[in-house]
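Chains A and B, in that order, give the protein sequences. Position one of the first sequence corresponds to residue 42 (my numbering), numbered consecutively onward. Position one of the second sequence corresponds to residue 42 (my numbering), numbered consecutively onward.
Check before you lean on any hint, since a few could be wrong.
What the hints assert, rightly or not - FRET-style restraints, in silico, Cβ to Cβ:
id, chain 1, residue 1, chain 2, residue 2, range
1, B, 150, A, 206, 49 to 59 Å
2, B, 156, A, 175, 20 to 30 Å
3, B, 150, A, 248, 49 to 59 Å
4, B, 233, A, 202, 28 to 38 Å
5, B, 194, A, 217, 18 to 28 Å
6, B, 205, A, 249, 18 to 28 Å
These are computed hints drawn from the structure, not numbers from a lab. We put the CB at the ideal spot given by N, CA and C, even for glycine.
Spelled out, the chains give:
2 protein chains.
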Amino acid sequence: MPNPTAAMLTIGDEILSGRTEDANMPHLARALAAAGIDLRETRVVADVAAEIIAAVDALRSRYDHVFTSGGIGPTHDDITADAIAAAFGVGIDVREDARAILATNYANPERDLNPARLRMARVPDGALLIDNPVSKAPGFTLGNVHVMAGVPAVFHAMVAGLVPRLVGGKPLLSASVRAMLPEGVLAGPLGALAAAHPAVAIGCYPFNRDGRYGANLVLRSAHPEALAAAEAGLAAMLVEVETSAV
Amino acid sequence: MPNPTAAMLTIGDEILSGRTEDANMPHLARALAAAGIDLRETRVVADVAAEIIAAVDALRSRYDHVFTSGGIGPTHDDITADAIAAAFGVGIDVREDARAILATNYANPERDLNPARLRMARVPDGALLIDNPVSKAPGFTLGNVHVMAGVPAVFHAMVAGLVPRLVGGKPLLSASVRAMLPEGVLAGPLGALAAAHPAVAIGCYPFNRDGRYGANLVLRSAHPEALAAAEAGLAAMLVEVETSAV
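The shape of chain A in the complex, shown without the other chains (with noise of 0.2 Å):
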């Protein structure tokens, strides 16, 4: 069966100015891989309903799963559960668990939960709410698509506690070799590796080193036995090209 797969949009004006990197990608598609679940796209677009809702839909009936982060605090610009909501054509209001969750954050509930943190307790009608054990604001889950928090350290405690949870395959394995060779020497026989390794996936990657050239030469399966089958293959054409370059 093949391992499942799954998209990540970002809500971000913040990530688009160039102000802030997007932390929480790179930690989710580790998270992802080590799951067995493909990540085969990311996105980010405005905080913009239209954006967010047109993003989500092309994005939910591709794949098998959609993650998102950001849009879910206590501000005007935290619109993603009203889009997650009319994405699905479901309504959202003030939900009475979610915001009990939310109250046991606050000394005096009466007084803190005010109008604004109350939005972080609407959740859209049908949704499972994500646990988050750094500052209480739940995420959910609506169909396929996780919504969860921008905030590095609420979104990392979110993947902990959902990504176990799904249905996983089997973890992408990768390896990698670094040769100190020009990528244009390595790519003829690389090309033939890839070749004759169909379940694995060769990535070369260059860099220039204090005025040498060189490339990480990285493995991708998820199939044990083909990965070391490449490596076997890599090892043994590295000695050749190295040899041949002499």
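Assemble the complex: chain A is given as a structure, and chain B must be docked to it using the hints.
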């Protein structure tokens, strides 16, 4: 006149696997913000021709510019140039001017410009070359799509040459203030501030440091006077909130 719009497409199994973070995205985001070109969306897709073609087609019809990163080297997994040609329905072949530029990189082009390296001189019909002062192999612009290398040093050099030549608009200006108050206390007055300053996007990015809640408040606008007015409004608001919170 509104600023031109842009999207970025990263071609990247390496990014999707979580092994490497996309350093090119924040770099381009900052360069575009400075040039007054509004980055509206970014995507990362796998090294799969159909995915690249679909994403390029979706983005080039929506935005004034599309910038791509990755997949234009000499190896078997470098399929971006062919995918761009397919998206535009034009031919692609080794072009003499690109080959001549590439040849300057090698001591003995007759010997060193092997078939793999010659792939880097394949350019879709009708494209303009993008200069690569680092390692010669050019990028190219076809229509409104700018195709650049994934290696950060090369991507940065290509952006530095390309972006100043594009017609820009008003630079995106920003100001930020760190408030040591919980987001839930700031949210109400911040919403009122945002409503009073429609030409300024106001973002609130909470954090928790040593057990204390705070938030970075970021104002963004292409209009210096509007930004200054919102900054003054924010300063007054913070005094008021801090006073009433005591």
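Hints broken by the structure, by number, lowest first?
2 and 3
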